[in-house]
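Here is what each chain is made of, one letter per residue.
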Amino acid sequence: MAQDTLDTSLNFEFWLNKAVAWGQATTLESQQDVCLHLPQLQKFLQQIYETLKHMDFHTAIQRFPLIGQLLGRLCWNPFVIGYDENQKILMWCLCCLYCSEPWNTIELEVNIWIRSLLCHLLSSSKLGLNEVGTVSQALGYTSPDYYPKLLKNVSTLLSIKISIVKHRINRKAMSLLCIPLLTLPDILPLLEALLTYQGDESKEILCSEFLEGVNESFLQKKIALSESAVLSLWLRHLPSLEKATLHLFENLISRHRNASPEEMECFIKDSLLPQAACHPSIFRIVDEIFWNALLETNGTSEVLTVIQVFTRCFVQAFQKNNDQLKFPLKSYFPYTSPSLIMVLLQNPKDLPRGLWCQHLNHISEILKKIVEDQSTQSCRSLFEHWFLFIHFGEWADIAAEELLMLRAESPATLLWLLAFYYNPHDQNQQRTQTMVAHGHIMKLFGRTPLSVKDLQDVTDTRHPRIQRLIRHLLLNFLLLSPDGYKIAQEFIITQTDEIASELLNLIARITYRWNRLGVETQRPAKLAKDLLQELQCYTMKSEFL
Amino acid sequence: MEVLLEQLERFAEVLAVSRTRHASSWGRVAVRRSLCWARYLRHVHGRFRLRGPVRAALEGRLRRLRLRPAPLGGDAAPAAPCPESGPPLSFEGLGCGEQLLALGLLENASLPSPALHELLQRLRPEGPAEPSEEGLGNRLAELARRRAASQLLRPLLGSGPAQPDPVLRRTEAELLLLRLRQEAEAEPGAEALLLDRLWQQLPQPRWLAVVAEALLLPPAPGPRGAACAPDEDDPGSPSDLGPAPAAPLLAWLLSRPAPLAALCRLLPAPLLASLAGRHADLAEACLDLLWDWAGHLHFDLTKGAWVGSDPEGLTWERLRDCFRCFCQAPAPLSLQARIALDSCRARDGGFEAPGLSVWTDLERELGVEEPPGEG
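Line by line, the protein sequences are chains A and B.
So the mapping is simple: this note's numbering equals the position in the first sequence, first residue as 1, plus 3.
So the mapping is simple: this note's numbering equals the position in the second sequence, first residue as 1, plus 10.
Source of the hints: derived by calculation from the structure; they are not laboratory data.
These numbers were taken from a predicted model, which means no experiment stands behind them.
Keep in mind that the hints are not guaranteed to be accurate.
If we take Cβ atoms under 8 Å as the criterion, some of the chain B residues that face chain A in the derived model are [claimed, not checked]:
| # | residue |
| --- | --- |
| 1 | L110 |
| 2 | R155 |
| 3 | A158 |
| 4 | V177 |
| 5 | E182 |
| 6 | E184 |
| 7 | L185 |
| 8 | L227 |
Covered by chain B, according to a simulated footprint, are these stretches of chain A (three or more residues, beta-carbon under 8 Å) [stated by the list, open to error]:
| # | segment |
| --- | --- |
| 9 | 84 to 90 |
| 10 | 98 to 108 |
| 11 | 114 to 124 |
| 12 | 140 to 147 |
| 13 | 153 to 159 |
| 14 | 183 to 192 |
Glycine included, C-beta positions come from ideal geometry on N, C-alpha and C.
Excised from the complex, chain A in its bound form (with noise of 0.2 Å):
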């Protein structure tokens, strides 16, 4: 607490100092500087009226003798006054000073002073600088009538007379105002119009402060923009795209973790980045923070599941998009044979299902040839194809399901695949490994009664590498077959939580895709949802013990 009103002190002087300084901001540096610390302005007058409101006037000068200076100050700044909540602080710390029943001529001085600068704030009649209209009075109208339509008006006489070339409007100095009036809702066909003017000039005209503002007030949810107005304020500003990506990731990753695959789709399309990365330029920074993310985490199950959701949505919405400025398929991978790009981009949906088998012997055929041919070539360029792959991880979901569904004519093929899936290097030394524990798997199926021991048995290999594929194997094993669900929720809790919430994350991503390709799995799907309910509580009455 005394460290509080400490800090309160110093900083009282700091911001008189500023107030003086900045007079009514008039110069582009004043406006440049008030621009610069309007949010800590705000929490500091949040702390002064914090303090203020159990006080009355003679306590308040005590503590804050040169209050009024900074007060009146503060009011006839047009930045200040225009910016979030900084008007209604002002406004009460004023309430809070003003005298009941003054006793003496400062006191009565003091009130007449309060009430005038209240009538400045929010009256227009008192200004006598032409504001308010004569016309406007001889009507009888008053503020609350007149200044939303005044700013309705001069936002949209400003928003037509920015996007015609010919107009000599000073569109920085505009940006610049704007910053501290990006939350009001009037403003927003001027920001829609600055944002997506295309001017001739080469550098950038927006001042880089309003594009940062406006797209935190986007991230922040406080401006609804459209969607060109985003994709345009993202290809002027990387930092802004970058901060949208990072800002995605972590409400995936850390904020909703318990986010199914479907939620995550929400998110990801209120986003806006699906629709924004139709520009290639756009979708290929959105992927290299996506592998950086990837690399660091060492390729968890979460981040997967977070790159496949957010490829589907892209799909989508570049299938959508009717703009003539389609780009070729090239542009978004360009490191990558477009054959693969091609065999991949096929939607499971479109095919029977029969002929998913198929599809992905021919999916295995061109990697495994692309692979191979790397003996010459970078590591670069094989994880550039792992990359793709990733991108398109539900054909690999989908390879462990045939596979434990008997219907692989050559299960050796899917198992390539899976393997390449988790561990794309390494081939030739895992490839036995694999076989023998698919080998495992298969046994079994015939086993019962069947104990978590055996499981245990199978998963409890020398072979740490491809523990995941396992563990991947494993589990469809037992969403498929009757005897494994019986023990699928016991066996999943004597797991360490690390891999518990990888099986879950697991289950939720095989569900997304039963509901999404309509697959007819009654038993097993009720099962998945179940343990998915369960174990979700589960783990979560784990992390509070």
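Could you slot chain B onto chain A? The hints should help.
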């Protein structure tokens, strides 16, 4: 129902008084009570604004209130409502009654300190406010924010103090049309009285500019369905004024020779042409007027030009400018103007030589060709 109507009347009185020096007798209780009424009536407005018999009854009572002389004692205002007490309360005004009241009290220097203190405490979040009252402080703050926003952005439109401000004019035009509609709803024929008063009260150039702007406002995009409630923050935006909001204004203008004459004389010619192009009746009236005035011009041989007998009246230059703009306007105005020119010239005698008929010289000056099939 009767109770509601009573409270409506009380509140209308209270609102009127809040802006006059009679508020000097108000104390805390008076302020609290009036805010209470305002809040209550705002809820009423919210519930019944989508038409309905209750709304009609309320509007009827408000109408009758206006016709009553203001109960202000010794210095009762004359028949015209006193501008300081604000426009007569309308049903829509109930939607922002609290703000109007608060602003009225704030601006009233004669309100005693304890009373104002009571008001100010209710603007704070911790004030002794009931939960439903919290909006007032927020709404006033929004107003302050919008005012600051206008202050920041208006200079960008580039109009200096000497030039007329198009945004201001447009806003005033919208407010004028709003007020006209409110008057018309109150009592048919009241619009004309209002316009007469404004014509007397305001400086002519200003008034004419606003009238012109109002007549040029784009028509509404079709009347909105009853299901779409008007925006609460902006009651009576032009879009729900209906298909012909400016009709009463036009009717008034056409029936009053003095304003019409001033319009034709003072309004910049291109603007006059836009107006005439938009409203055919107005075009006809203007052309008639111009023909009438042109009759007062005679040719001065010493100066070699057409001059008017009345120094305040129409000049040759004005006549020419008006017709030039009319002829350059899109059809049907240009056609109308040319036909007028031709027929006037024919009426004068159809002369070819200069100096004999003002219309001949006008046609010559404008380079208007003979329409094919004549001559």
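- Could you work out which earlier hints the structure fails to respect and list their numbers in ascending sequence? 8
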